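**Q** One letter stands for each residue in the lines below.
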Amino acid sequence: METAIEEIKVKSLKDRVIDLIQEDVPDYLNKFVYCMGATPLVLFLVALATGILMTFYYIPYPDKAYASVEAITHDIYLGWFIRGLHKLSVNLMIFTLFLHALRVFITRAYSAGELKWLIGALLLFTTLGMGFTGYALVYDQVSYWGMTVVMNMIEEMPVAGPAMAYLLRGGAEVSEITLLRLYDLHTKLLPVLLILCIAAHIAAIRIIDFAKMKDEKGVHLFYPEHALKVGLVAVGIFVVMVNLVMIFPPAIGQMANPLEVASNVAPPWYFSAVYKWITIAPRQSALFALLLFSALFVLYPYIDRFLVQRGFRMERINIVLGTAAVSAFAALTLWNVLF
Amino acid sequence: MGVINDNISRRKFLSGAFMTLGLGFGLGMLGMRFMQFLSPTIKKQRFEEILVGSVNDMSGDDAVPMEIAGSKILFLKTDAGLAAFSRKCTDLGCLVGWDKSKEQFICPCHQGVYDKNGKNIAGPPPRPLDRFPVVQKGDNIYVKVKVA
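The listed protein sequences derive, respectively, from chains F and X. Anchor point for the first sequence: position 13 equals 299 in my numbering, and the numbering is continuous, going up by one each time. Anchor point for the second sequence: position 24 equals 806 in my numbering, and the numbering is continuous, going up by one each time.
With the rest of the complex left out, here is chain F (with noise of 0.2 Å):
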């Protein structure tokens, strides 16, 4: 205690603050492969800037939220754009974060950092919870049917899933108590969570440290080298999302009609593997195997170990794990899109 009253005696809130930023990073974070987390980061930041732009013309009514976007999209002054990049920033953030998330699997650098993939992989779930709850927002035919689906989905979950699913909605039905709610997790509750999710994640590289890689000894400063490094691959991210903006403006779909299913409710790419899993696998087993995918995923970095303690070479098997997820996703994916 008297040490560190000493220490903030000596030391200048400025000294400080350099003290924290300023930490050794290991060189091998050079290759880009293993500085995707920063990227993600950016693309949150642009979807979080552009979220709150939106939420300024945005109405969460039933007939007046499809109208409001209409507008945002084709009357309001650059609304294309700003509704096309926060489109475009969720997109590659659940790319970047699932390829983030691979690399690390595959490199097995959770292993002395599980509170790290820990927090990382609640990241991810939100981050997908907000894709979901931002697509039903538009309120055309896919955010209609996408909510009636998920919010029965959830109900046939065990336990606690009848209960959690009339939470949700706000009702036995989808109304419009459930498109504000959907709003609610959208813009207040899942962002605080995100922004929770990812202070904790950086403090906890800070506290942990960056994992070890085998051969990679060197380090270097956070500041500049580092930081500039970020600094380069956000701007050329932000020119890249410019341009797919410019040339793929936003669309949207028919307006959302209760009355009757639209012939395509396909939901985004990112949940097209698990739409088409749904629809092929019988239903229970389908939901059991999701929540049974999603735990071991969670739990991983533990699963790892105890299979180290009895001998088995991971690397190899989550090469071979890595390699199967990633066949089984784009191939599911692909077979939604293409068929």
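Hints should not be assumed to be uniformly reliable.
Claimed, not checked - With a Cα cut of at most 25 Å, we get these calculated BS3-like pairs of lysine-lysine:
{"id": "1", "chain 1": "X", "residue 1": "LYS919", "chain 2": "X", "residue 2": "LYS882"}
{"id": "2", "chain 1": "F", "residue 1": "LYS350", "chain 2": "X", "residue 2": "LYS854"}
{"id": "3", "chain 1": "F", "residue 1": "LYS562", "chain 2": "X", "residue 2": "LYS870"}
Claimed, not checked - Which chain F residues face chain X? A few, computed with CB under 8 Å, are given here:
{"id": "4", "residue": "VAL435"}
{"id": "5", "residue": "MET450"}
{"id": "6", "residue": "TYR452"}
{"id": "7", "residue": "GLY456"}
{"id": "8", "residue": "ILE523"}
{"id": "9", "residue": "MET527"}
{"id": "10", "residue": "LEU545"}
{"id": "11", "residue": "SER549"}
{"id": "12", "residue": "TRP555"}
{"id": "13", "residue": "SER558"}
{"id": "14", "residue": "THR565"}
Treat the hints as calculated values from the structure; they're not laboratory data. Quantities reported herein were computed from a predicted structural model and do not represent experimental measurements. Note that the Cβ used here is the ideal one computed from N, Cα and C, for glycine as well.
Let chain F serve as the given structure and place chain X on it in line with the hints.
**A** Frame of chain F, contents of chain X only:
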């Protein structure tokens, strides 16, 4: 070893435990009330017979869609007379449509298929389509649905 450094007296431990218990109880209560606030009250279900048309109106072979008091219904002549099928797919709650050429109910969400008697014949649906009771009084046809 041997010396147990017991700085916490029994009194201190008990009062701490009591406080924690009280705090936990209080917060738990607060959380429970919170959840109760967020769960809307379940309304008592009431069923009513509602006139939908006369026998002549319903004599065609095609399915007639209707929305009565929030229930989405398809009327169709089955082997056992006129039936009022709920359009809600028994799988995950999408709406089924009637395919006249195939004589099947199709759910477009996950490709569930029911035959013309509402029996689930393909895809993920776990049970046949729900039915609403149809009552015929004279020339008039009534359907019994849930009203709010």
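**Q** Against the structure, test the hints numbered earlier, and report the numbers of the ones violated in rising order.
**A** Numbers 1, 5, 8, 9, 12 and 13 - these are the hints that the structure violates, sorted from lowest upward.
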